[in-house]
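Engineer: Chains as they are written, first to last, in my numbering: chain A, 1 to 222; chain B, 1001 to 1116.
Sample of chain B residues facing chain A (criterion: CB under 10 Å; computed from the structure):
(1) Ile1006
(2) Gln1008
(3) Asp1012
(4) Leu1013
(5) Ala1028
(6) Ile1029
(7) Gly1034
(8) Cys1086
(9) Phe1087
(10) Asp1088
(11) Val1099
(12) Val1107
(13) Glu1108
(14) Ile1110
(15) Glu1113
(16) Glu1114
Which bits of chain B does chain A cover? Going by a derived footprint, with three or more residues having C-beta under 8 Å, they are:
(17) 1036–1050
(18) 1089–1098
Source of the hints: derived by calculation from the structure; they are not laboratory data. Cβ coordinates follow ideal geometry from the N, Cα and C atoms, glycine included.
Each chain, letter by letter, is given below.
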Amino acid sequence: MNQRVPVVEKITKANDRIAALNRALLDRHGVFGLNLLASPGAGKTSLIEATLPRLRGRLRVGVVEGDLATSLDAERAAAAGAPAVQITTGGACHLDAAMVNDALPRLPLAELDLLIVENVGNLICPASFALGTHADVLVASTPEGDDKPYKYPSMYGRVGALVINKIDLLPHLDFDMERFRRGVAVLSPDAIAFPLSCRTGEGLDAWIAWLMARTRQTRGAG
Amino acid sequence: MHELAITQGILDLVTEHAAAAGAARVTAIDVVVGEMSGFLPDSIQFYWDELSEGTVARGATLRFRRVPLRLACVDCGSLFPPGDGCFDCSACGSPRVRVAQGRELRVESIDVEETA
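Please work from the sequences and hints to get the whole structure.
Structural biologist: Put into structure tokens, the structure is as follows:
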């Protein structure tokens, strides 16, 4: 006898289940987790390198490094005062929750306040896989153009915080900030934006203040 | 490449629900793929033929329902596809719009043959 059996379940169910385990682990240690997303060259590694010294003595930061192309290697992270582990993706186009689940026990979570997961540089694949972090932070950069939210609605539709890097280049570009931010507002209405320049340091204070506030919230809840 | 992980996700759901239903064989699978989910049915089909080999769902037909991205205007209520590089309402021009559909990515149902 043939019959139709209803399923109605998300295809990412297995990944989401592991992501929930990751979240529980981070919460248990009171660690605020970030999933750092971007296209290659937008400035993920530069942002981490600009952020670490500014948090020294204020927050204890760990890094999970998934991006091979622009990898902040463990030594550079350690020099900046952060324990780091590298995920070997074997050329995969995204991180998934299981990879992060493997990496977490290799970090001293009990001694951390903030965990930054640097995802693979790619605006498509990483959008589909939750890692269990508390916030998805997308690093956009002005030379990429103001049309990116319209071309990558999937990635721009899951943004918790948006770093708009390389604002020091704005005088040389036809980047329409208003158009860019209107697109983001439609896809991720709750996203908070930080226009900044990792090169000049402009705008970094607001980003650092947000990290401090969100980390404090997570610690309070944990 | 990420379609491989998603195809495995489909297979996991299908085998789980087929076993629960006591199915001997799965003949068809209804999959709903939203435009915003970023997945290409053709790539999923490609991986499916490989991954389903040797399982209860071997040779099953994948039936995709694609859900296009549609925006809803907060001001006039109209439902419309995004313009070229613009999300403003196509009816009244308002920039106050929300994503109404296109995020879907789920297995809707499976067709099974039960043991005789």
